[in-house]
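Participant: These are the residues of each chain, in order.
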Amino acid sequence: MQDRSVLVAGAAGEGVQTIGDVIARSFLSHGYPVFATQDYESRIRGGHSSYRLRIGDEPRNAPRADADVLLALNAEAREHYQGLLNPNGLLLSPDSVDASAAADGASVAVAFSNLALEHGGSKLYTNSAAAGALCAALGLPFPVLQAILAETFSKRGAEVAESNVRAAKAGFDAARATLGARRPAELPARVNRYAFTTAHETMPLAAAAAGCRFMAAYPMSPSTGIITAFARHPELGVFAEQAEDEIAAIHMALGASAAGARAMTATSGGGFALMVEAMSLAGMTETPLVVVLAQRPGPATGLPSRTAQEDLLYAIHAGHGEAPRAVLAPSDPQDAIEKTVRAFDLADRFQIPVVLLTDQFLADSSFSMDALSLPSEIPAPHLADPEAIESVYRRYALTEDGVSPRLFFGQSRHLVCVDSDEHDEGGHITEDLDWMRSAMVEKRLEKGRRLRNEMAAPSRNRTEDAELVLIGWGSTKGAIDEVVDLARATGHKVGALHFTEVWPLPELAFPEGPQYWVVEGNATGQFARLLRAECGLETEGRIGRYDGLPLDAATIVKELPWA
Amino acid sequence: MQDRSVLVAGAAGEGVQTIGDVIARSFLSHGYPVFATQDYESRIRGGHSSYRLRIGDEPRNAPRADADVLLALNAEAREHYQGLLNPNGLLLSPDSVDASAAADGASVAVAFSNLALEHGGSKLYTNSAAAGALCAALGLPFPVLQAILAETFSKRGAEVAESNVRAAKAGFDAARATLGARRPAELPARVNRYAFTTAHETMPLAAAAAGCRFMAAYPMSPSTGIITAFARHPELGVFAEQAEDEIAAIHMALGASAAGARAMTATSGGGFALMVEAMSLAGMTETPLVVVLAQRPGPATGLPSRTAQEDLLYAIHAGHGEAPRAVLAPSDPQDAIEKTVRAFDLADRFQIPVVLLTDQFLADSSFSMDALSLPSEIPAPHLADPEAIESVYRRYALTEDGVSPRLFFGQSRHLVCVDSDEHDEGGHITEDLDWMRSAMVEKRLEKGRRLRNEMAAPSRNRTEDAELVLIGWGSTKGAIDEVVDLARATGHKVGALHFTEVWPLPELAFPEGPQYWVVEGNATGQFARLLRAECGLETEGRIGRYDGLPLDAATIVKELPWA
Amino acid sequence: MGVADAYRNSVENQWCPGCPNFGILAAVKKSLAELDLAPHQVCLVSGIGQAAKLPHYLQANVYNGLHGRAIPAAIGIHVANPELKILVTSGDGDLYGEGGNHLLHAFRRNPDLTVIVHDNRVYALTKGQASPTTPRGEQTRLQFGGVEIDPAQMLATAIVSGCTFVARGYAGDIDGLSKILVRAIQHRGLALVDVIQPCITWGNHPVDWYRGRIVPLPQDHDPTHRDRAIAAALDVADVFPVGVLYETAPRPTFAESYRTRVGAGPLARLPRINRGEVEARLAAFIVNRD
Amino acid sequence: MGVADAYRNSVENQWCPGCPNFGILAAVKKSLAELDLAPHQVCLVSGIGQAAKLPHYLQANVYNGLHGRAIPAAIGIHVANPELKILVTSGDGDLYGEGGNHLLHAFRRNPDLTVIVHDNRVYALTKGQASPTTPRGEQTRLQFGGVEIDPAQMLATAIVSGCTFVARGYAGDIDGLSKILVRAIQHRGLALVDVIQPCITWGNHPVDWYRGRIVPLPQDHDPTHRDRAIAAALDVADVFPVGVLYETAPRPTFAESYRTRVGAGPLARLPRINRGEVEARLAAFIVNRD
Ligand SMILES: Cc1ncc(C[n+]2csc(CCOP(=O)(O)OP(=O)(O)O)c2C)c(N)n1
Ligand SMILES: Cc1ncc(C[n+]2csc(CCOP(=O)(O)OP(=O)(O)O)c2C)c(N)n1
Ligand code: SF4
Ligand code: SF4
Ligand SMILES: [Mg+2]
Ligand SMILES: [Mg+2]
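Chains as they are written, first to last, in my numbering: chain H, 57 to 619; chain C, 57 to 619; chain W, 577 to 866; chain F, 577 to 866.
Do not rely on the hints blindly, as some may be mistaken.
Within a straight-line C-alpha distance of at most 30 Å, the following computed BS3-like cross-link-like pairs (lysine-lysine) qualify [stated by the list, open to error]:
no., chain 1, residue 1, chain 2, residue 2
1, H, 549, H, 499
2, W, 703, H, 211
3, F, 755, C, 179
4, C, 179, C, 211
Calculated from the structure, these hints are not laboratory results.
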């Protein structure tokens with residue numbers, strides 16, 4: 057099937073997500089990959105929300121803003137979203153619309169709730185009727201939807217499941233009838249299977265696999281899913297505590313880490329602000345810590361349920377004084393697994409805080425992945441052997457690589473002294489400026505230098521012959537890769553460099569020849585500035601998005617020099 | 057007199073500062089400028105502390121690490137500091153030292169406390185005896201010291217004053233006797249008069265003059281002097297509140313500002329960390345605010361009583377999301393007056409937070425200034441006239457320059473709505489991504505662009521023919537200017553560019569020709585990175601200090617290419 | 577006496593239809609009308625959460641700041657313009673959780689504020705986690721096995737910390753609540769009103785469950801009796817005594833002594849300090865002026 | 577029973593000679609010796625301040641974190657290694673001011689910690705500003721005209737917040753204090769011990785002034801009686817009743833249910849989760865596996 061964009065729209069609490077999810081699963085079970093994004097307001101009921109599905113033959117895990125099919129659950133949703141409908145698109149809604157509104161496309165009215173009442177026995181099944189109609193409009197055989205509905209509602213008893221299926225069938229039939237000749241050919245089944253999930257769903261699993269045992273956090277969109285996953289799955293063995301505030305959360309995690317547990321926290325920009333002092337503390341006490349910073353548009357409360365890449369320089373620089381840290385920005389659910397495992401490893405080996413920089417787009421978008429897997433090797437914790445330490449243990453022993461053997465509180469008879477002041481090797485407060493202070497600064501910096509040598513170079517997509525190289529980082533990879541394909545298809549030699557390890561940046565060369573353009577989800581060009589500061593790269597162009605929505609290929613293409 | 061460096065050393069609580077201050081005032085009243093720095097540990101009693109005076113014919117407000125004269129109040133102090141004594145230096149201490157310890161210099165033992173007991177009647181006057189000895193060693197006529205002592209102790213009654221003077225005279229006489237032929241010529245009186253003070257003492261006065269009416273802060277070295285000045289001088293009319301924590305401090309100040317009061321807070325890096333979320337809030341709500349960030353070495357608790365320039369990039373980037381702010385880094389007590397007034401003005405005109413980036417060196421060092429003065433014009437607050445607003449007032453009205461007319465709560469019948477979410481012009485929460493969000497982002501950015509156009513270029517010191525240009529910022533100006541003079545004196549064409557407005561950086565050109573070297577009080581070269589990111593400047597060299605002590609000319613000169 | 581309608585504005589309300597927050601909004605308007613306060617004399621201050629959106633839904637000055645930070649902002653506003661009647665309206669998570677320290681120290685400062693806590697025992701805006709008042713054992717969207725720690729006792733804490741007006745109200749009783757609010761607003765100093773506000777979306781109990789458990793304080797409740805007030809404050813296992821639990825003679829309010837020095841009215845209206853006075857102080861740094 | 581000398585280390589003490597902090601240090605050592613705890617079984621956690629330097633001055637594990645943040649760090653340590661006896665030793669500014677929110681919520685969580693507050697009624701390390709316990713009217717190096725707000729009542733707050741062990745001690749009475757500490761350390765759950773610790777450098781009263789005002793609780797003081805305990809906690813105008821003010825049956829301690837699941841001992845010793853189990857969960861994301 058050709059690449060299709062389907063938008064399900066309604067008010068919060070109206071079931072948009074349920075419908076979207078059912079349709080997504082139906083296509084997936086039929087063998088077609090789906091990419092799904094969510095768009096919702098910071099409220100519990102009402103307003104506008106949508107679930108967008110992108111369906112095709114091959115996974116294309118990148119957002120599309122336009123819609124080939126729009127299912128509007130009510131008139132307000134229709135009005136709000138119909139501008140996105142493509143010229144030949146199809147509008148499905150409960151009320152009929154005058155021709156002009158649906159322009160060249162088709163408008164199909166199906167009275168979802170009446171059908172639900174009539175055939176399911178209750179208006180409660182309205183969403184299933186709508187899903188049925190959507191199914192018809194997309195050429196999906198009804199039994200596929202039926203199976204998914206049955207599975208979805210089985211927990212609520214056979215009767216509920218059957219009523220849903222009946223309502224769906226009614227919607228399906230009604231839509232088919234109304235569509236008449238315009239109804240699409242029936243989609244053949246395929247054998248392909250995809251893992252369908254979000255990065256914030258894979259990260260807690262990866263953390264558990266990496267040995268994480270302690271998580272404290274304070275709820276904040278779009279990060280709350282991380283702690284929720286640990287709480288929902290106590291079998292993962294991760295102690296998960298909702299703290300009284302973000303300050304407590306990160307200090308609990310640091311305490312746990314000093315006591316030997318692999319520990320993490322998760323928050324968004326506003327909560328991270330409250331953790332800044334502790335980020336500096338982790339640098340000073342050399343305590344491993346993983347912090348998920350899930351970005352949303354700011355400043356301040358901003359747009360709590362939207363996406364952005366505005367916190368890059370903040371994540372890098374937030375903390376007084378100078379100490380090394382790493383910032384990793386995963387690009388998809390599989391990459392998020394790898395980066396999470398790597399974050400715990402880097403944190404532990406270099407005894408530093410590591411930030412996993414995600415965003416609402418990554419948190420809420422479900423990708424279709426051929427497979428999800430753990431790294432073949434998950435590094436063991438890097439704790440020292442107490443037996444190997446003769447005489448007195450010194451937590452901050454000066455070593456060649458700046459990393460001191462780490463013991464935890466109560467690991468053995470060796471006493472461990474962790475201190476936030478400038479300290480001597482034993483961890484006690486020092487005022488020795490002649491030597492100790494500088495030695496400790498250099499110790500910490502040396503870790504940073506070695507860390508830098510380990511940071512990954514960006515991935516490359518068709519850069520060999522590229523005349524224009526798009527540079528991106530984090531969650532925009534899918535969109536940028538799509539731009540490369542679109543541009544190549546129209547004869548433009550475009551390539552892409554994509555960074556998922558954004559701090560510290562390794563030694564990098566940017567060969568002369570192509571133009572370099574940075575594409576990122578902010579207004580001030582933060583990564584472009586970083587590249588200039590760190591690599592001296594002068595970029596020719598910048599494409600930024602800062603309206604709260606994810607970067608999509610069409611938006612990027614419009615800004616390219618030949619557009 | 058030639059440039060002399062005098063070091064008074066002892067334990068905390070032993071009176072080092074009193075002696076230093078008395079000697080400094082004596083020289084000043086005799087017509088000689090003094091530059092005084094303090095070096096102390098983060099404790100209340102014991103340990104090592106020193107007061108260093110630099111005395112000469114012309115003001116040279118820059119630290120010297122070496123000492124021509126060392127007054128050690130006890131044996132530990134002597135041992136700790138005598139390495140700083142110059143080959144021909146003079147050591148004054150209560151106990152005699154074997155010749156080897158005082159190398160080529162002279163060692164003079166004066167039993168301060170015995171003299172105090174004998175002549176003043178109590179060991180309480182030991183410090184005055186020591187001051188008297190120092191006075192003799194420096195060639196200062198005794199009556200000068202006598203007058204200052206009398207003035208200093210007059211509050212405690214005539215008897216105390218007289219006893220101090222007697223003890224001082226005994227110390228003076230004893231030292232003169234011991235010095236014998238080595239005693240210096242008597243210093244002639246001069247008519248010159250200098251203002252002698254620190255930047256943290258002038259800033260509260262400048263703030264009051266600028267109309268500041270509200271200050272909330274939480275104690276933290278080296279910033280505590282700012283709020284203390286307001287509390288000590290209620291006549292300044294500035295309401296000063298010690299908050300329960302830094303978070304409360306900055307939110308109180310923001311509330312007061314929204315209610316129309318010019319408001320400020322002051323803290324150090326660790327406290328600023330707790331204010332980061334509110335910095336972002338100030339950006340979003342467009343609430344004017346002045347924040348003094350007095351730097352000390354980090355990370356974490358670090359060295360609480362020492363100095364550093366480690367918080368530059370942090371001050372610039374601390375806050376989620378993107379909004380304009382200004383960072384000003386004054387270089388001396390007069391500049392601090394100007395920058396403080398300017399900070400309130402910029403904050404008010406652009407409705408942004410402004411950081412005044414100082415450090416422990418600026419907080420605790422007393423400069424000799426020819427004069428201190430307020431700017432000839434102190435701009436009035438930039439509040440709108442409620443009468444001029446027709447119909448409904450909109451706090452965030454979109455305007456060409458991005459600045460909306462500002463009314464405060466209760467100023468008139470117009471209602472003011474201040475909001476931390478993305479908002480519409482009226483200040484109410486918006487989820488309009490089609491237009492309002494981008495318009496508000498651009499509004500805020502436009503303020504930043506205009507702010508940038510107003511930022512001052514660096515000051516220049518002999519750059520016209522310079523082959524090597526030293527670039528500095530903030531408190532290092534005196535030291536770098538001294539380097540220029542020293543280098544020129546040895547035939548090296550050195551010049552200096554000094555920045556006191558460090559963010560945003562204005563459009564700047566760095567003509568080809570000279571080498572550019574950045575000199576700053578940190579280990580990672582933060583300003584050098586900033587210049588590269590903002591101006592594309594490739595610097596040839598970097599000189600950093602990160603041991604907790606202020607940059608001094610000798611330390612810089614040692615790092616120059618020909619050294 | 578004004579009419580509550582004078583406070584109506586046209587901002588779209590984002591609360592769930594039927595949420596008892598509407599009752600609090602109505603009671604706030606009613607009490608302001610009763611006290612004949614014009615919208616521009618009132619400033620509503622909030623943090624972030626469902627409750628914290630309240631200030632947007634009526635005509636008044638609004639300071640909608642950060643999560644947990646309403647109290648210090650309100651204190652700053654109070655000092656800068658004492659002519660304003662300031663109401664803090666925010667959630668239990670906001671004021672007792674993230675902002676707990678500010679409330680604790682506000683009791684000490686005693687600024688002239690009315691603090692209205694929408695106590696829905698849940699973090700509603702973030703979709704259903706435990707708040708500091710969620711009872712032990714209750715399941716939430718994060719505490720799946722039930723909350724494992726005890727609830728905070730902020731009313732009792734207020735009483736022992738020197739707060740001179742402590743009340744509990746019910747969002748479902750607009751008249752009763754507005755009567756409490758009128759007294760709270762009139763009270764000089766900090767007045768704390770915890771309002772039981774069932775969340776019909778994330779709460780574990782329907783409104784009915786609460787309604788049956790809301791009981792007025794006993795007729796003979798003596799609001800000046802500390803121990804009885806504490807007992808009534810703590811006593812929320814299965815019944816919520818509603819009314820003014822504690823009220824004693826007002827203590828000095830915050831910034832009073834500063835105010836006697838500089839005079840009344842907004843600080844922004846005070847004349848700037850005389851330039852000469854600052855110049856004299858700068859001149860005083862000159863050592864040994866003759 | 578061990579000897580206090582076993583805890584002596586060679587770190588230079590930075591306190592002022594004669595400071596009653598030395599008494600607290602001695603009492604801590606004495607109580608640890610009494611309980612026969614080896615240094616490696618003990619972890620001392622502090623924030624920043626003069627008091628917070630205590631952990632450096634004896635042989636034990638040390639976590640000297642940030643100002644105000646000892647409590648959450650101690651909670652994290654407690655969860656990660658329940659085998660440790662954890663003592664938080666920090667200042668009144670640290671624990672009641674900057675860290676007030678953590679203490680408030682720690683009462684709810686009830687982790688098995690002993691919290692020792694060096695209550696010198698001043699911010700000593702920053703040179704003499706008011707602390708949350710400085711009485712109204714007292715002059716300081718910042719409150720020149722006298723403190724204008726009321727002191728915090730954290731002992732009473734602890735009592736109403738569910739803390740099951742609340743005591744007041746005196747730094748000048750090493751024996752008496754160490755007896756209280758022994759009970760506090762033995763108590764299951766959070767034990768709060770506020771120690772009157774005159775600051776001889778910045779304090780407004782000499783040690784003698786305090787000594788005369790330190791009185792033991794009345795013989796018949798019933799530590800299970802809430803109202804009496806509150807009265808004794810609040811009653812510090814000119815007399816300091818010393819002893820265990822409040823002690824009731826221990827409540828469940830923090831993380832108990834997690835611990836029953838994963839077993840005892842340090843989390844670092846637990847085996848890592850089975851790789852296959854995580855892989856199975858990843859595989860479960862595949863829609864419609866056949
Ligand atoms: C610093 C910070 N942390 C977390 C959040 C996310 N957040 C928004 S509202 C809220 C909880 C709201 O609960 P409550 O105050 O009880 O209000 P309710 O929604 O229940 O009315 C949280 C945690 C935030 N906005 N800022
Ligand atoms: C975030 C932060 N704010 C402020 C400080 C400065 N500071 C250090 S100790 C201290 C107060 C100490 O008072 P207290 O806890 O009572 O201990 P004491 O010195 O009296 O023993 C303060 C404010 C800091 N280190 N960190
Ligand atoms: S989520 Fe709960 S508290 Fe929020 S508006 Fe809905 S019902 Fe009310
Ligand atoms: S300043 Fe006070 S509390 Fe600190 S050591 Fe000295 S006497 Fe003790
Ligand atoms: Mg709530
Ligand atoms: Mg104290």
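Participant: Taking the hints in turn, state whether each one holds.
Facilitator: Hint check:
Proposed proximity of residue 549/H and residue 499/H is contradicted: the alpha carbons are some 46 Å apart, above 30 Å. For the proposed pair residue 703/W and residue 211/H, the alpha carbon gap of about 23 Å is at most 30 Å, so the pair holds. With a CA separation close to 41 Å, the supplied pair residue 755/F and residue 179/C exceeds the 30 Å bound. Between residue 179/C and residue 211/C the alpha-carbon distance is near 20 Å, which keeps this suggested pair within the 30 Å criterion.
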